[in-house]
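S.K.: Start from the sequences and build out the full structure, keeping to the hints where you can.
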Amino acid sequence: MSAPPKIHIENVCKSFGPKDVLTGIDLDVMQGESVVIIGGSGTGKSVLLKCILGILTADSGIIEVEGQDVNRLTANDRDDVNRKFGMLFQSAALFDSLPVWENVAFGLMQGRHMGRDEAKAKALETLGQVGLAKEVGELSPAELSGGMQKRVGLARAIAGSPEVVFFDEPTTGLDPIMADVINDLIITCVKDQGITALSITHDMASARKISDRIAMLHHGKLIWIGSAGDVDSSGNGFVDQFVNGRAEGPIKMELRR
Amino acid sequence: MNALAVIGRVVIRFLEHLGRVTFFTLTAVSHCVRPPIYPRLIGRQMINIGYYSLPVVGLTAIFSGMVLALQSYTGFARFNAESAIANVVVLSITRELGPVLAGLMVAGRIGASMAAEIGTMRVTEQIDALTTLSTNPYKYLIAPRLIAGLLMLPLLVLVADIIGVFGGYLVGVYKLGFNPSVYMSNTVDFLEPLDVISGLVKAAAFGFIIALMGCYHGFRSQGGAQGVGSATTNAVVSASILILTFNYIITELFFAV
Numbered sequence: 001m002s003a004p005p006k007i008h009i010e011n012v013c014k015s016f017g018p019k020d021v022l023t024g025i026d027l028d029v030m031q032g033e034s035v036v037i038i039g040g041s042g043t044g045k046s047v048l049l050k051c052i053l054g055i056l057t058a059d060s061g062i063i064e065v066e067g068q069d070v071n072r073l074t075a076n077d078r079d080d081v082n083r084k085f086g087m088l089f090q091s092a093a094l095f096d097s098l099p100v101w102e103n104v105a106f107g108l109m110q111g112r113h114m115g116r117d118e119a120k121a122k123a124l125e126t127l128g129q130v131g132l133a134k135e136v137g138e139l140s141p142a143e144l145s146g147g148m149q150k151r152v153g154l155a156r157a158i159a160g161s162p163e164v165v166f167f168d169e170p171t172t173g174l175d176p177i178m179a180d181v182i183n184d185l186i187i188t189c190v191k192d193q194g195i196t197a198l199s200i201t202h203d204m205a206s207a208r209k210i211s212d213r214i215a216m217l218h219h220g221k222l223i224w225i226g227s228a229g230d231v232d233s234s235g236n237g238f239v240d241q242f243v244n245g246r247a248e249g250p251i252k253m254e255l256r257r
Numbered sequence: 001m002n003a004l005a006v007i008g009r010v011v012i013r014f015l016e017h018l019g020r021v022t023f024f025t026l027t028a029v030s031h032c033v034r035p036p037i038y039p040r041l042i043g044r045q046m047i048n049i050g051y052y053s054l055p056v057v058g059l060t061a062i063f064s065g066m067v068l069a070l071q072s073y074t075g076f077a078r079f080n081a082e083s084a085i086a087n088v089v090v091l092s093i094t095r096e097l098g099p100v101l102a103g104l105m106v107a108g109r110i111g112a113s114m115a116a117e118i119g120t121m122r123v124t125e126q127i128d129a130l131t132t133l134s135t136n137p138y139k140y141l142i143a144p145r146l147i148a149g150l151l152m153l154p155l156l157v158l159v160a161d162i163i164g165v166f167g168g169y170l171v172g173v174y175k176l177g178f179n180p181s182v183y184m185s186n187t188v189d190f191l192e193p194l195d196v197i198s199g200l201v202k203a204a205a206f207g208f209i210i211a212l213m214g215c216y217h218g219f220r221s222q223g224g225a226q227g228v229g230s231a232t233t234n235a236v237v238s239a240s241i242l243i244l245t246f247n248y249i250i251t252e253l254f255f256a257v
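Heads up: the protein sequence lines correspond to chains A and B, in order. Each step along the first sequence adds one to the number in this note's numbering, with nothing skipped, and position 149 is 149. Each step along the second sequence adds one to the number in this note's numbering, with nothing skipped, and position 200 is 200.
Derived from the structure by calculation, the hints contain no laboratory data. Be aware that one or more of the hints could be misleading.
[As the list claims (entries may be wrong)] When the alpha-carbon atoms are kept at most 25 Å apart in a straight line, the in silico SDA-like pairs for lysine to any residue are as follows:
#: 1; chain 1: A; residue 1: K19; chain 2: B; residue 2: G227
#: 2; chain 1: A; residue 1: K221; chain 2: A; residue 2: D20
#: 3; chain 1: A; residue 1: K120; chain 2: B; residue 2: V201
M.R.: Pasting the structure below:
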């Protein structure tokens, strides 16, 4: 009998007023697997991640983490589930009122009640894992470049040794070299440690590099799921257009509403 | 028919808004009384609200007391009732001007800053990041501000009362030529504990309102810089209106014949 999926998503729907964003998402992410969801802007990729994390509540459908339905948990149960998660936000979302080390140690001190000194030592060690010197820990997030902020965000995401890490456009806004550095860090920190990863991105180079499987989200549904190696020969017109970045094809950009 | 539809829409929107504020208030208050409590964050907010508002509240109070003594003299001299000036100044300051002016000044200073800070955290996904780090945003961001507002406004108003009465004393003694000891005895003799207590109760209510409106509008802000700007404006305007409304209601409760 095969192991149950780490994350099981079945027929998940989410609307905002009259706008249907997710219209029946089905996806299984297995233990230790890295799945990347690609898709155009505004197709609901971030909404899907936020539904899994409990930041948004899905209107219907099933979201299970290790077999536990997490769609409508109490606040305490949700905190317990979220301790299994780490998240790297698109904008890094660092707390600008706290120094870098406290950002990294935040989940350890608040979520896991670790002592301040122990949490600081762990934060500085984690900063080292993402290639940042200890001195960076004393800086404010506003003093960091975009690439460094992403690295701090990654350090914060993995500091609590999560079982699942979510990446929201991890390389967006970075130059190609820094983007590749972040990709390598993701592989080192996540794939090599057997952590399950679910990422969303527009960056096909990043998607190919960090994923085991790729899924494409279009008009609220996953229209294609396959291994990373098959994405260039998917036989799906939508996927081909997106992967090759062509203006012509079945995906029509909505220039006017 | 169209007019009815417009009225209906306005009423429904108002009720929706009222429901959201009520739900937000109840959730926030429930987190104020349930552990864990964050004493460091409460202390930081108390310093921000109390200590850093002292100059602006003190200046407002002293000039209000001074102008009150001058204006009272102009009016009361027509009836040969100049001796009532000390009484008028102390009653006006403790019952009305102290809490209301301090409330309005703190609404401008603190309500705006709370809405801007929390609003920026909302639009930069920092509040979402709190949730992913197993930290309840109500408990971490809202509850400390509400508790600090509730506790610090009465202290600020107590200081404002003393400074305001001192302002009246300065004008009465050094400009209008009153005997210092007579002015002081007129001030103390006619002052009753309820005059001060009612002002302090008002102050506690105003402190809660200011923090609540700042947090509520910041928490619900969306749409980037413009959204944060609107949240700041709405926080100050709604807090000011509520302060004046509750000022009447509390006065009615205390002094209704």
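S.K.: For each hint, tell me whether it holds in the structure or not.
M.R.: Against the structure, the hints come out as follows:
For the proposed pair K19 of chain A and G227 of chain B, the alpha carbon gap of about 21 Å is at most 25 Å, so the pair holds. This hinted pair checks out: K221 of chain A and D20 of chain A have alpha carbons roughly 11 Å apart, not beyond 25 Å. For a cut-off of 25 Å, the pair hint linking K120 of chain A to V201 of chain B is broken: about 43 Å separates their Cα positions.
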